[in-house]
Amino acid sequence: MTEKNPNINLTREQANVAPKKSTQSATFPAQFKSLDEVREFAARQAEACGFEPDEIFAVKMAVDEGFTNIIEHAYGGECQEEVECSCQTNDEGLTITLIDCGQPFNPLEVPEPDLESDLDDRMIGGLGVFFIRQLMDEVSFNFIPKSEGEGECNVLTMIKRKKSTD
Amino acid sequence: MEITTTQYKSCDLVKANGRVDSYTAPDLDKALEEIINAGHYKIVLNMSDVEFISSAGLRVLISTQKKCKKLNRGELVLSAVPERVYTALDLAGFIPLFKITENDTDAVGLF
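Taken in sequence, the protein lines are chains L and G. Those letters in the first sequence? Residues 1 to 166, by this note's numbering. Those letters in the second sequence? Residues 1 to 111, by this note's numbering.
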């Protein structure tokens, strides 16, 4: 594809072009059958952001684990409530937030699994959060007030940065 | 996800296709559980067409391996593991817990 850009020799400020930034949001029922759609939604944003296939796969895994944790812990199982997935892309990478208004649940307080124990002692709890931490560059958690009524919602923020091309 | 099982003299071969996540992992668990409940503890799981696996899928593999290896009665062997699935297994520290073969012939030959 060729595109003529008359501002090619100007800096971004001179050309008055803001960093390419866009946000896409969607809500999904807090059910395991939503996982495929949520993963594909995040994967599309990662692809649009210019990530490599391996990085897109990592984003899919992280979103899957985050969404699963919300269903299992914040909502205590599948239900009719919704989870919002918001993807913000910019020149630096992709920021994904998962927002639910279930019970307060901070996944980052889950202890890390022991990855070296024998088969008999091997527990699987905490593996999902471990994956999120390993696959994404920055992970944080906070509460925001509910838009309606009292109480707070859980916000899990996961950032995947583009590899430096320098 | 589609699951097919084939019974051989020395072991049972299970082939899973598609995505193994929290939605589909219970189906895989059920298929493997049925084999174990039939008294068969030597199982090969062909993963060549597994496009995606989450910790929920890995949980099924580890619980199956525990049941199969109990009393040294058998083992779950993984065959034709795609690169990305291997990466997930590696990230979870699961590589030392499973025999992984290139193809089903090699896997069946282990029993």
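It is worth saying that the hints were derived from the structure and are not from the lab. Among the hints, erroneous ones may be present.
[To be verified] Cross-link-like lysine-lysine pairs, in silico, DSS-like; alpha carbons within 27 Å at most:
(1) 33(L) to 42(G)
(2) 30(G) to 33(L)
(3) 15(G) to 66(G)
(4) 70(G) to 99(G)
(5) 42(G) to 69(G)
(6) 42(G) to 67(G)
[Claimed, not checked] Covered stretches of chain L (chain G as the covering partner; in silico rule of three or more C-beta atoms under 8 Å from a C-beta of chain G):
(7) 32-46
(8) 51-65
(9) 114-122
Small disclaimer: the values here were computed from a predicted structure and weren't measured. For each residue, glycine too, the CB sits at the ideal point set by N, CA and C.
Hints and how they fare:
In summary, the hint linking residue 33(L) to residue 42(G) is not supported, as the alpha carbons are separated by about 31 Å, beyond the 27 Å threshold. Proposed proximity of residue 30(G) and residue 33(L) is supported: the alpha carbons are some 18 Å apart, at most 27 Å. Restraint check for residue 15(G) and residue 66(G): the C-alpha separation of about 20 Å stays at or below 27 Å, so the hint holds. With a C-alpha separation of about 16 Å, the suggested pair residue 70(G) and residue 99(G) falls inside the 27 Å cut-off, and the hint holds.
Of the pairs offered as hints, the one joining residue 42(G) and residue 69(G) holds, with about 9 Å between alpha carbons and a cut-off of 27 Å not exceeded. Note on residue 42(G) and residue 67(G): the hinted pairing holds, with a Cα-Cα distance of about 10 Å set against a maximum of 27 Å. Only residues whose C-beta sits within less than 8 Å of a C-beta in chain G count toward coverage, and the region 32-46 of chain L has 5 of them, enough to reach three; the restraint holds. Counting residues of the region 51-65 of chain L whose C-beta sits closer than 8 Å to any C-beta of chain G gives 6, which meets the bar of three, so the coverage hint holds.
With 5 residues having a beta carbon nearer than 8 Å to a beta carbon of chain G, the region 114-122 of chain L meets the requirement of three or more and the stated coverage holds.
Comparing the model with each numbered hint stated earlier shows that hint 1 is the single one that does not hold.
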